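Protein chains in written order, with the numbering used here: chain V, 697 to 1350; chain Y, 174 to 459.
Bear in mind the hints are in silico, worked out from the structure with no lab data behind them. Note that this is a predicted model, so its numbers are computed, not measured. Even glycine gets a Cβ: it sits at the ideal position worked out from N, Cα and C. A hint or two may mislead.
[Stated by the list, open to error] Simulated DEER-style distance windows between Cβ atoms: (1) Ile-411(Y) / Leu-1261(V): 21 to 29 Å; (2) Gly-231(Y) / Val-1194(V): 34 to 42 Å; (3) Lys-229(Y) / Val-1194(V): 46 to 54 Å; (4) Glu-1109(V) / Ser-428(Y): 31 to 39 Å; (5) Ile-232(Y) / Lys-858(V): 18 to 26 Å.
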Amino acid sequence: MEVNLLLAVAIFLPALAAILCYLVRNSAFRSFTIVISAIALALTALGFADIIGKHDGKIEIYMENMPFDIGLLIGFLDFVLLAYIVYTGVKLKKPLVVVLAVLQAVPLFIFEIMHKSEEQFPVFVIDYLSLIMLFLVSVIGPIILVFAMGYMKNHESHMHLKTSKQPRFFMILFVFLASMNALVTVNNLLWMYFFWEITTLCSFLLISHDKNAEAVKNATRALWINLLGGIAFVAAIIIISNAAGTLSIQDISSPNAGLFSTELLLGLALLCFAGFTKSAQFPFQSWLLGAMVAPTPVSALLHSSTMVKAGVYLIVRTAPAFYGTTLGNVVAMVGGFTFVAAAAIAISQSNGKRVLAYSTISNLGLIICCAGIGSQIALGAAMLLIIFHAISKGLLFLCIGTIEQGIGSRDIEDMQGLMKLMPFTTIITVIGMISMLLPPFGVLITKWLALEASVGQPVVLIMIVFGSAFTVVFWSKWIGIILTMSYKPKYIVEKLSVSIRISLILLLAGVLAASLLIGPLFKNTIEHQLDSYWFMDESILTADRGGVWIHDIYNNTIGGVESILFFLIILAIMIMIPYLIHKTKPANVKPPYLCGSNTDDPRGIEFISPKDKIDSVVVHNYYMKGFFGEKNLTLITNLIATAFILIMFGVVTL
Amino acid sequence: MTNIENLIISIVAIVVAPILGGLLTGLDRKIAARMQNRIGPPILQPFYDVFKLLGKEGITVNQTQMAYVLGYLLFAISALIMLVLRQDLLMLIFILTFSNICLIMGAMSVRSPYGKIGAQREIIQMMAYEPVLILMIVGVYLTTGSFLISSIFKFESPLLFNLPLVFLAFLFVLTIKLRKSPFDFSTSHHAHQELIKGLTTEYSGPQLALIEITHWYDLVLLLGMISLFFAKPIWVGILIAFVSYFLEIVVDNISARMTWKWMLRVTWLIAVGAAMTNIISLYMKK
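Generate coordinates for the entire structure from the input sequences, incorporating the hints supplied.
As structure tokens, then:
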């Protein structure tokens, strides 16, 4: 019974908070609601972690003896939701949106009438994968909301609004969290569809929050692309119901379920397609790039723990069912291709938020690629990457939001010498970035696992190899710019609101803790989840001695690393920096060589050029637009990705 | 192996590697000079240089530079320790990447156009050679069934017989990694660099000395990786490593610097192509 209560809190508490935020239009009360819900949600997640261990890693919740049929209610709400989307489409004068919504509503209506299910299966199933997602949604989500308290205040004062739109804003954010919590625990595919569509609608409302022309345009694009995924979802429901005779996600995703039924495999392929749209895989990436127009907390939420993670969650959840099939191989290629293509385009971007967006798309591609490979190591890598990416990316978005409000620009080139203007934010940003690409942080460990898992598939392998090389390029260019120092910097103390400061520190602590504790993290959650699948693998993954290790069938270690040593080195260097700054004598700091005598300029970029003219040095990063520019690559990569998706449907239908 | 043994091996490696690296660098300069019809400096010249630099006043362009230099050195040493303790080869490459990133960050942290452009070029060089290094390790895995260096020593036949094309690709990217002509964009050993000293322009005194020592560690590490291709008996591998280094010196002296675009194209086409050909044939054989 305890479980039911926790689940009710996880889903209905954010819903209640949403209503409170909307009805009580008082900013102090709103802040109070946000902080209390944040704490309550985090405690709920901890409660789940505690209970799930006592239930052998799987909790099944049946809903009998309910006063009314919840399935019927959700079915009804499905149509309310679709009707609202149709209404939105009409209001925006976008026939495409209307058509796509109707294309979902009609088959769904016919299905609901024809479908008479007598079978009993658990309505909610919570296992370790759900637990991981619950943690991400219920811990990172609220932290972003806390950040949003401070951010939206500044944001609205920049916009000179007469009446605050914050009540509506926070309402939608809370609804988002509620539906995500439901989505990752629900076991009925039809119900999952409902929560899936809520996240689509919420993201539309959030992206269009500022109501300017660009915001509305991009939000509409996000809406119709995700409606495409919705259609695939409805089709998947109908096909899977026919093929497997059940809508229990637990049953259809059971290991090797797809080996024996081509029809079920088609249903799974459609679910993967829905996941691709939600996770903004090529060629659907444009909606996530457009979502950048929304206020930064929205981006942080969409990119880290919600929305895009719903897509990869669905694919990772169903991955055991198509492990070893051709479908799995093609899904791995779609993901791998997105990984390398997004990383390549990111090199050419100078807009910080776009770099982050491409990096998200790229990492989601890697998660999907691992899910497609589907072996034990690959699934372990996928789940680890879901965790690490969510925390690091959440942090980085909050950082760039803070930087943007601090310097008034999101262009990477404008961030030269940021260390001097915003030392606190800069250090956190740099650690966040390093955690995305360098050892011993978790994201790199997962990349290493992905490489070790993909050696059996040369095509996927070469994509991952190039993808990781590109990843290093765009991050290191950016870190270099941020760490640029004037030769005699004067430090100032930043003015940041408490909510921004606290949320940055919390997420930074999360980034460090997750990477340091990768061993226990893996051992206590993911390893149990992997054990519950039935695997015939050549190699297995375990956690020991503070790191993760790969063993072959004879239990010989064939790869692994102890990460603690390298953390110590990083720590030593980090302590070194303030010590050096303190110890360096001002007389020993000289201006850089500029091929002309330097002036007294404290930034050290002015020099005396011929005819005693004072010139200053301007150096930009290389963006290699001729190689990696969006113009060069977008069309061709979209075509290739479309081809991969067509191949995916080809292999399951032909 | 016990912990004590590991510790002793690590300490020996940390002490011996720079001595060996310094000597090789001295030889490099001597041989290069002879190729150019000069007498050249004494073999021990690199050590004289480093000791002199270490004794100089610690001038810096900003207060954080030293931290990057230390990162460059410490991670290079870590990578070497991973090699001598025969650990995961793929992780070793990532650690080596971190070391190199530290050098790049140091160059980018100053507002010097020469340092910055050198750093950008170094990033491009990394982008060029990293895929080949990773593919080399995949080749090792497909041959020995493990990512650990120890398994290479347990494997009955030399890797070279299974990975001839991967070996050639590795030699190719070695030129980039050692920053030798035709790939010495980021910083050059020869005094005709349009970027002054590129990547290392803004380092002087003890910092420059540490960078030089790190180069020696890198050199020994890379030659060590070459000798892995013939691990049984290891002296053949070491011999191959020295011959390869001599080849690098010859190439360095007979070629002119090219552009980075050319480098990317050629490396990805020829080196990655060769390595992939080798890997796909191994994969088919399985």
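How does the Cβ-Cβ distance of Glu-1109(V) and Ser-428(Y) compare with 31 to 39 Å: does it lie in that range? 35 Å, holds
Is 21 to 29 Å respected by the C-beta to C-beta distance linking Ile-411(Y) and Leu-1261(V)? Distance hint for Ile-411(Y), Leu-1261(V) holds at roughly 27 Å.
Ile-232(Y) and Lys-858(V), beta-carbon distance inside 18 to 26 Å? 58 Å, violated
Using the beta carbons of Gly-231(Y) and Val-1194(V), state whether their distance is inside 34 to 42 Å or not. 40 Å, holds
Could you check the hint for me, namely that Lys-229(Y) and Val-1194(V) are 46 to 54 Å apart, CB to CB? Once the Cβ atoms are compared, 48 Å apart, the range 46 to 54 Å for Val-1194(V) and Lys-229(Y) holds.
In this structure, the one hint that does not hold is number 5.
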